[in-house]
Amino acid sequence: LGYYARARNLKKCAEAVAAQHAGVFPDTEEGLRALPGIGDYTSAAVAAIAFNRQAAVVDGNVERVITRLYAITDALPGAKPAIKAKAAAITPKDRPGDFAQAMMDLGATICTPKRPTCALCPFNGHCLALKSHEPEHFPVKASKKAKPVRLGAAFIALDNKGRILLRKRENKGLLGGMTEVPTTEWTSRVDGDHTDASAPMQADWQACGTITHVFTHFELRLSVFRADNLVAHASNHGWWEPLANLDEQALPTVMKKAISQAIPEALKSTKG
1 LGYYARARNL KKCAEAVAAQ HAGVFPDTEE GLRALPGIGD YTSAAVAAIA
51 FNRQAAVVDG NVERVITRLY AITDALPGAK PAIKAKAAAI TPKDRPGDFA
101 QAMMDLGATI CTPKRPTCAL CPFNGHCLAL KSHEPEHFPV KASKKAKPVR
151 LGAAFIALDN KGRILLRKRE NKGLLGGMTE VPTTEWTSRV DGDHTDASAP
201 MQADWQACGT ITHVFTHFEL RLSVFRADNL VAHASNHGWW EPLANLDEQA
251 LPTVMKKAIS QAIPEALKST KG
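All residue numbers for the sequence shown refer to my numbering, where the first residue is 1 and numbers rise by one.
Just so you know, not all the hints are guaranteed correct.
Restricting the straight-line Cα-Cα distance to at most 25 Å, the calculated cross-link-like pairs of lysine to any residue (SDA-like) are [claimed, not checked]:
{"no.": "1", "residue 1": "Lys257", "residue 2": "Asn229"}
{"no.": "2", "residue 1": "Lys172", "residue 2": "Pro200"}
{"no.": "3", "residue 1": "Lys257", "residue 2": "Leu243"}
{"no.": "4", "residue 1": "Lys93", "residue 2": "His126"}
{"no.": "5", "residue 1": "Lys80", "residue 2": "Ile90"}
{"no.": "6", "residue 1": "Lys172", "residue 2": "His126"}
{"no.": "7", "residue 1": "Lys168", "residue 2": "Asp196"}
{"no.": "8", "residue 1": "Lys257", "residue 2": "Ser188"}
{"no.": "9", "residue 1": "Lys131", "residue 2": "Asn229"}
{"no.": "10", "residue 1": "Lys141", "residue 2": "Ile72"}
{"no.": "11", "residue 1": "Lys172", "residue 2": "Arg33"}
{"no.": "12", "residue 1": "Lys172", "residue 2": "Lys80"}
{"no.": "13", "residue 1": "Lys147", "residue 2": "Arg221"}
{"no.": "14", "residue 1": "Lys131", "residue 2": "Cys118"}
{"no.": "15", "residue 1": "Lys11", "residue 2": "Pro252"}
{"no.": "16", "residue 1": "Lys161", "residue 2": "Leu267"}
{"no.": "17", "residue 1": "Lys141", "residue 2": "Lys257"}
{"no.": "18", "residue 1": "Lys144", "residue 2": "Leu220"}
Hints are computed from structural coordinates only; laboratory data are not their basis.
With the sequences and hints as input, model every part of the structure.
Here is the structure:
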């Protein structure tokens, strides 16, 4: 989800608990899952650990333990339902929270991805992967597909006072509600709008190169353009911000990269 979406969901979750549950946090897996920002893993973990509910908690470490214990040969992520079912079958009614944490610790410290310490594992007498002498072959993962590439253009507009043009993204969607420089649509079409012909205003735009940023589901390549000494005026494109204030803006990393490509000294940090 990204840290910014998590923060927004945390606020929505608190509001939902206050408004819909009279300030009392739900104590069941189903009730927790209905809250904004809470999915299968978090709902199960909170139900088991905080409320002693018999819920199967499955993170990456537990996936590894279960796939090895039962030698599940189906590849992830398709194997997730089978893994969840196996985990549920061995989750006890008594102290399910302790069991969940023990399973996660087992995967993190003993049933590790490489060179697992099988001699110390409490499941070593039952582990089908160990019996086959191939524990490191589990979990099976589907081969990674190359991420699709999207193209776009970013426009670094500076007025005659040295201020930069910024705008706010729509609240919904990728990087929702964050600050950005004007950009074109990010498209997978090679004939899409990723040149200065799609700039937000007429100016002497200078090409500054291309930046690449990898999101979870695609790779973005932005052509960066810069124009200087523009006459600032109120517009629908956003607002003019002094460069000295950039580090105070909610700029996602991809926008920091674009700005730094055009104005290397503008930001103290391109991390975020």
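These are the hints, each one checked on the structure:
no.: 1; hint: Lys257 x Asn229; in the structure: 22 Å, holds
no.: 2; hint: Lys172 x Pro200; in the structure: 22 Å, holds
no.: 3; hint: Lys257 x Leu243; in the structure: 15 Å, holds
no.: 4; hint: Lys93 x His126; in the structure: 21 Å, holds
no.: 5; hint: Lys80 x Ile90; in the structure: 16 Å, holds
no.: 6; hint: Lys172 x His126; in the structure: 48 Å, violated
no.: 7; hint: Lys168 x Asp196; in the structure: 21 Å, holds
no.: 8; hint: Lys257 x Ser188; in the structure: 20 Å, holds
no.: 9; hint: Lys131 x Asn229; in the structure: 72 Å, violated
no.: 10; hint: Lys141 x Ile72; in the structure: 11 Å, holds
no.: 11; hint: Lys172 x Arg33; in the structure: 21 Å, holds
no.: 12; hint: Lys172 x Lys80; in the structure: 29 Å, violated
no.: 13; hint: Lys147 x Arg221; in the structure: 12 Å, holds
no.: 14; hint: Lys131 x Cys118; in the structure: 11 Å, holds
no.: 15; hint: Lys11 x Pro252; in the structure: 20 Å, holds
no.: 16; hint: Lys161 x Leu267; in the structure: 17 Å, holds
no.: 17; hint: Lys141 x Lys257; in the structure: 32 Å, violated
no.: 18; hint: Lys144 x Leu220; in the structure: 18 Å, holds
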